[in-house]
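So the sequences go chain by chain: A and B.
Residue numbers in the first sequence follow the working numbering, run continuously in steps of one, and reach 436 at the last position.
Residue numbers in the second sequence follow the working numbering, run continuously in steps of one, and reach 579 at the last position.
Heads up, some of the hints might be wrong.
Computed cross-link-like contacts, DSSO-like style, restricted to lysine-lysine with a CA-CA straight-line distance of at most 30 Å [what the hints assert, rightly or not]: (1) B/Lys461 to B/Lys569; (2) B/Lys504 to B/Lys414; (3) B/Lys109 to A/Lys26; (4) A/Lys247 to A/Lys26; (5) B/Lys134 to A/Lys231; (6) B/Lys382 to A/Lys420; (7) B/Lys182 to A/Lys26; (8) A/Lys3 to B/Lys65; (9) A/Lys379 to B/Lys534; (10) A/Lys420 to B/Lys539; (11) A/Lys21 to B/Lys51; (12) A/Lys3 to B/Lys9; (13) B/Lys9 to A/Lys71; (14) A/Lys231 to B/Lys109; (15) B/Lys65 to A/Lys247; (16) B/Lys134 to B/Lys382; (17) A/Lys420 to B/Lys221; (18) A/Lys247 to A/Lys230; (19) B/Lys504 to A/Lys21; (20) B/Lys382 to B/Lys461; (21) B/Lys382 to B/Lys206; (22) B/Lys563 to A/Lys71; (23) B/Lys221 to B/Lys179; (24) B/Lys147 to B/Lys182; (25) A/Lys430 to A/Lys375; (26) A/Lys379 to B/Lys182.
Using C-beta positions, here's what the derived DEER-type ranges look like [what the hints assert, rightly or not]: (27) A/Gly320 to B/Gly37: 52 to 58 Å; (28) B/Lys109 to A/Asp390: 45 to 51 Å; (29) A/Glu399 to B/Lys103: 45 to 51 Å; (30) B/Ala454 to A/Glu399: 51 to 57 Å; (31) B/Pro555 to A/Asn394: 45 to 51 Å; (32) A/Thr386 to B/Thr457: 41 to 47 Å; (33) A/Ile118 to B/Gly37: 28 to 34 Å.
Think of the hints as simulated: they come from the structure by calculation, not from any bench.
Note that CB positions come from ideal geometry on N, CA and C, so glycine has one too.
Each chain, letter by letter, is given below.
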Amino acid sequence: MQKVYSQILQIAGDVITVEAKDVGYKELAEIRTKTGISLAQVIRLADDKVSLQVLAGSRGISTDDQVRFLKRPMQISCSENLLGRTFNGSGAPRDNGPVLQDDQIDIGGPSVNPSKRIVPRNMIRTGIPMIDVFNSLVESQKLPIFSVAGEPYNQLLARIALQAEVDMIILGGMGLKYDDYLFFRDTFEAQGVLSRSILFVHTASDPTVECLLVPDMCLAVAERFALEGKKVLVLLTDMTNFSDALKEIAITMEQIPSNRGYPGDLYSQLAARYEKAVDFDTAGSITILAVTTMPGDDVTHPVPDNTGYITEGQFYLRGGHIEPFGSLSRLKQNVNGKTRPDHRAIMDRMIQLFADYRETVEKRSMGFQMSAWDKKLLKYGERFETELMDLSVNIPLEEALDKGWAILSDIFEPSEIGMKESLIKQYWPKEKLAAK
Amino acid sequence: MNTEQRHGKVVGVNGNMVAVAFESRVMQNEVAYVVVGNERLKAEVIRVKGKRAELQVFEDTSGIKAGNMVEFTDELLSVELGPGLLGQVFDGLQNPLPRLAEKHGFFLKRGAYLDPIDDHLRWEFTPTAKVGDKVRAGDQLGTVPEKAFTHWIMAPFALSGELEVCEIAPAGNYALIDKIAKLKDESGKIHDVSMTQTWPVKIPIKAYAQKIKPTKPLVTKIRIIDTLVPVAVGGTFCTPGPFGAGKTVLQHLLSRHTEVDIVIVAACGERAGEVVELLAEFPELIDPRTGRSLMERTIIICNTSSMPVAARESSVYTGVTLAEYYRQMGINVLLLADSTSRWAQAMREMSGRLEEIPGEEAFPAYLESRIASFYERAGLVKLRNGQLGSVTIGGAVSPAGGNFEEPVTQATLKVVGAFHGLSRARADARRYPSIDPLDSWSKYTSFIEADRVAKGTAILKKSRSVNQMMKVVGEEGTSAPEFIDYLKGEFFDAVYLQQNAFDKTDESTTADRQAYVYAIVEDVIGRSFEFQNKDEARKFFQELRQIFVTWNSAPFQSEEFKKGEQQIKDKILSVGVSS
Numbered sequence: 001m002q003k004v005y006s007q008i009l010q011i012a013g014d015v016i017t018v019e020a021k022d023v024g025y026k027e028l029a030e031i032r033t034k035t036g037i038s039l040a041q042v043i044r045l046a047d048d049k050v051s052l053q054v055l056a057g058s059r060g061i062s063t064d065d066q067v068r069f070l071k072r073p074m075q076i077s078c079s080e081n082l083l084g085r086t087f088n089g090s091g092a093p094r095d096n097g098p099v100l101q102d103d104q105i106d107i108g109g110p111s112v113n114p115s116k117r118i119v120p121r122n123m124i125r126t127g128i129p130m131i132d133v134f135n136s137l138v139e140s141q142k143l144p145i146f147s148v149a150g151e152p153y154n155q156l157l158a159r160i161a162l163q164a165e166v167d168m169i170i171l172g173g174m175g176l177k178y179d180d181y182l183f184f185r186d187t188f189e190a191q192g193v194l195s196r197s198i199l200f201v202h203t204a205s206d207p208t209v210e211c212l213l214v215p216d217m218c219l220a221v222a223e224r225f226a227l228e229g230k231k232v233l234v235l236l237t238d239m240t241n242f243s244d245a246l247k248e249i250a251i252t253m254e255q256i257p258s259n260r261g262y263p264g265d266l267y268s269q270l271a272a273r274y275e276k277a278v279d280f281d282t283a284g285s286i287t288i289l290a291v292t293t294m295p296g297d298d299v300t301h302p303v304p305d306n307t308g309y310i311t312e313g314q315f316y317l318r319g320g321h322i323e324p325f326g327s328l329s330r331l332k333q334n335v336n337g338k339t340r341p342d343h344r345a346i347m348d349r350m351i352q353l354f355a356d357y358r359e360t361v362e363k364r365s366m367g368f369q370m371s372a373w374d375k376k377l378l379k380y381g382e383r384f385e386t387e388l389m390d391l392s393v394n395i396p397l398e399e400a401l402d403k404g405w406a407i408l409s410d411i412f413e414p415s416e417i418g419m420k421e422s423l424i425k426q427y428w429p430k431e432k433l434a435a436k
Numbered sequence: 001m002n003t004e005q006r007h008g009k010v011v012g013v014n015g016n017m018v019a020v021a022f023e024s025r026v027m028q029n030e031v032a033y034v035v036v037g038n039e040r041l042k043a044e045v046i047r048v049k050g051k052r053a054e055l056q057v058f059e060d061t062s063g064i065k066a067g068n069m070v071e072f073t074d075e076l077l078s079v080e081l082g083p084g085l086l087g088q089v090f091d092g093l094q095n096p097l098p099r100l101a102e103k104h105g106f107f108l109k110r111g112a113y114l115d116p117i118d119d120h121l122r123w124e125f126t127p128t129a130k131v132g133d134k135v136r137a138g139d140q141l142g143t144v145p146e147k148a149f150t151h152w153i154m155a156p157f158a159l160s161g162e163l164e165v166c167e168i169a170p171a172g173n174y175a176l177i178d179k180i181a182k183l184k185d186e187s188g189k190i191h192d193v194s195m196t197q198t199w200p201v202k203i204p205i206k207a208y209a210q211k212i213k214p215t216k217p218l219v220t221k222i223r224i225i226d227t228l229v230p231v232a233v234g235g236t237f238c239t240p241g242p243f244g245a246g247k248t249v250l251q252h253l254l255s256r257h258t259e260v261d262i263v264i265v266a267a268c269g270e271r272a273g274e275v276v277e278l279l280a281e282f283p284e285l286i287d288p289r290t291g292r293s294l295m296e297r298t299i300i301i302c303n304t305s306s307m308p309v310a311a312r313e314s315s316v317y318t319g320v321t322l323a324e325y326y327r328q329m330g331i332n333v334l335l336l337a338d339s340t341s342r343w344a345q346a347m348r349e350m351s352g353r354l355e356e357i358p359g360e361e362a363f364p365a366y367l368e369s370r371i372a373s374f375y376e377r378a379g380l381v382k383l384r385n386g387q388l389g390s391v392t393i394g395g396a397v398s399p400a401g402g403n404f405e406e407p408v409t410q411a412t413l414k415v416v417g418a419f420h421g422l423s424r425a426r427a428d429a430r431r432y433p434s435i436d437p438l439d440s441w442s443k444y445t446s447f448i449e450a451d452r453v454a455k456g457t458a459i460l461k462k463s464r465s466v467n468q469m470m471k472v473v474g475e476e477g478t479s480a481p482e483f484i485d486y487l488k489g490e491f492f493d494a495v496y497l498q499q500n501a502f503d504k505t506d507e508s509t510t511a512d513r514q515a516y517v518y519a520i521v522e523d524v525i526g527r528s529f530e531f532q533n534k535d536e537a538r539k540f541f542q543e544l545r546q547i548f549v550t551w552n553s554a555p556f557q558s559e560e561f562k563k564g565e566q567q568i569k570d571k572i573l574s575v576g577v578s579s
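I would like the entire structure built from these sequences, with the hints used as guidance.
See the structure below:
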C-alpha cells in the first residue's frame, strides 16, 4: 500500500510542501481535504522536502490533510470515447458523462525528432477571404490570433473550426468565461461537429493552477490521434491566461522574474506547447490556432512578443476584422502557388493598393486635396473592406479571387494595376475589357 | 588518471537542475549521468558547494527521485571530430538526428545517445608524415577524402609539446577507429592515434601558429551587406531584429550563397519547421563552387525550441567547435547561430535555478563575458604549415519587444565587427533584406572603395532627412534639388539595397556584378539632373527603377543583361544635366 503523508509543512499560494521519500519529479499526488480530493503535481524536490502545486488551489487545505503519491505522472485517458466530451483542467468530466479510465497516456511527452517532420504543404480552407487569399492557413501551422479584450476572437476561432476541413477539433479553454464555454459547446453542437470534438475547458472561476495543464492535455490527445493518421485542429484560448498562471506559480516558488514578472523560461514553456504542431512523415498532423490577448494592445508585452518568435506568423484581430497589415502566415508560400495562377498576384497587388488607400485616408483627414487617383483608391478601399475584409463574408477561395478581379475591374483600368499581361488576359472580366 | 568510478546521489530537483551529494570529488563542468530506471540522462556539473554538486540535465527531468544514482565520468562535455561530419544533422549534443529517428521513431527518446560518426565507416587514408618526423598537436599526419574536401588526419589537439612519429600506417582503407599512427611525446609516452578524436566544446582549439587580423571581405552576395556593411573572412557579425523582420530568411540566404567552403548552421532554440525547410531544400540545391549538393558542405546542429533547454546552450558550442576543427585544415568556415538570444535565455533559466544574483532583465552577470568569449572563437588563423583557415561567426539576436537596448543585443554589439540591424519599418514596407542601411555599421572594408560607398550612404542620409521634412511641410515645401536627392536615395534603396529572395538571379549577386552595377548607381547619384518639375523627376526615377529592377533579374553579361544596360544608359542620357 502506498504511504500516506499527513504533515504539510508549508502552504504558500497554491503550492504546498510536505516531507516525503521516494517521490519523482513531476509525479502526481492526491490530497484529501474536508471538501474532497484534489490532484497535485510535484514541482520541486529539495532533500526530503517535496513541493506540489495543487490543481484545485490551496484554499481549505489543512496542515494535517493526507497526501498520497500516485507513482505516476499526469495522465489522461485517450480513446475514441473522448469524442464529444467535455473535461475540466484536471481531466475530470465537466459534462455528465462517465469518468474515462481506458488507455491512459502521459501528458507533456518528448518533442518530435525534427528529421521526422515534413515540410507542410496542404492548405486549410476556412472560407474567410482575409485568411484564404491573403494569409493562407497551412496544415500543421501554429498561428496565434493577437487580439484585445472585447474583440470577437472566440467567434472567429469557432468559425474557423467549423469550416476547416479537418478530421477532429480539440478545444482548450484557459480562463474562459463561462458564457464563452457555453458558446463554443452550443455552436459545435448546433453545427454538428461536437461528435468529432473534444473540449478541455478551464473557466475563469476555476482554480488557476488547473489552467496550466489544459494545453498539455489537448496536445497529448491530439498527438495520439495524429499518429493514427488524423488531421487534428487544436484551438487554444487564451494563452495569455496560461502565461499568467505560469507567472503566478513562478512567483510563489520565489523564482527570479525576468520581464514584467514573467519567469525566465516563458519562451521555452510556450515553445514546448506550440512546437507540438507537426506534420508527421507518414501519419497525420496537428494544427494549432491560439488566442493571445494583448494587455493594453501592446505587442511588445512579453506574452505576444515571445509568442511571435515561436509561431509561424500571426493574425491581428482588431476592430472586428483581420487586419491586413501585420497579419502574416509564414507558411503561405508553401501553398498559395498551387491554388490558382492569379492567387499570389491578387494577394500582393490588392494589399499594396489597400496600403495606398490607407495613406489616402490619412491625407484626406489632414485636409489635402483628393486627386482622381485618390478618389479611385477611396472607392476601392471601401469595397475591399465590405466585400472581402468583413468577417461575415464567407466564400470559397476561388470566389474570393473572382471578387477581387471584379472590384479591381470596376474601379481601375488594366494598365493601372501593374499586373502581368497574361493574368489580365485570363482573369480581367471580358465584358469590361470590351466596354473600355 | 583516476580510474575509480565515482558516484553520487540525487538530493534535489528543480526544473532541469539536479542537486547531487557526492563522496570523493567532482570536477567543474564534467559530464555525469543521472540514472532513472533504465534511462541514463546526460548532465553537466555547473556548480559545486561543499559536498554537493549542481548539475544541469540535458533531458526532461520528470520522474527523477531523491536517491537516484549519479555517475560521474571525469570528462568535459565533448564532441567527436573526424571525417564523416559533413552533411550530417545533429542535436545540441552531437547526436545524429536521422539515425535516432531510424532507431526510436517519431519522438526524441530521453536518454538515447548515438555515436556522431559511425566507428566502422571506412576511409581511404594517405599518410603525409613519415616515421621520425617531429610534429605538434594539429599537424597533419595524413589525409582522407571527405566529400569535396581533403580531410586532414591530425595529431590529437589534446597532446602537448613536440611529438615524434614512431609508426604511421601505409596508404590504404581503414575504419574510423583503426590505429593509424603512434606518437611519442617528450616524456617518452607513446600515444595511439586513430582518425577520430574528441575535444571539449567549451575550450577553443588553438593548434595554429597565429591569429591574423581579418581584412579580406567575405562575399555574401547580399548587396546591402557586401557594399555597405561588409563582413570579413574570419570576422563576426550579428543580426538583431524583431520577429517577422526576416532574420531567418536572411540567415538561410547567407547559408546558401556565401563564398565559403563549409557552412555550419546552429539552429538554437528556434522553430523546428525552419530546420525542416533546410533539410528539404539543401540536398536539392547545387553549390556553384563545387558542383555538388549544398548539403555536402553543410553541417546542421539543431536544437529547436521544444528540445531540452540545457542542450540548447551546448549547441552553439558544439557548432563552433566543429567549425574550429575544419579551420585547422586550412578551410574557410561560416558558422550561423540562430538565435543567440535563446542561448542567452538558456543561461538565464539555469542562473535563476541556481539562485544567482540576477543582472539586468534577470540575465546572469556573466552574460557579457560568455557572449564575448563565444564570438572570440571566430578568426582568421595561420596554420603552422603557412596555410590560412578561418571561422566567421554570424549570430541572429531576437531582442524582446524588438528593442535593441536589451542586454543580449548590447553585449553582442560590443564584441562583433559588424552590426546588421533589421528594422520593423523596412520589413513592413516589404523592403527586403530589411537591414537598416543607416543604423547598421561595420568595422570591415568592402571590395568597393570606402569613398565610393560613402557617396551612397550620404545620399541615403539626405534622402531620409528630406523624407522626414516632407511629412511636415509636404512635397510642395521642399526645393527641387532636395526633392531630387530624396528620389535618388529611394532609387538607390530600391534597385541596389533591396534584393528579391524569390528571384533566381537577384537573390545572389557576385562581387564582380556588384562592383559593375554600383558604378552605374554611383553615376546616377552623382549626376545633377535638370527636370522641369517634380512630377517629371518622379516619373523619370520610377521608370529608371522599373528598367533597373528587370535588369537585376537578367543573368550577368547575358544578352538580356547587355540590352538592359543599354536601356538604362539611354534613359540616363535622356535627361539634361545642369552645369
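Hint check against the structure, violated hint numbers in rising order: 2, 5, 6, 7, 18, 19, 20, 22, 23, 26
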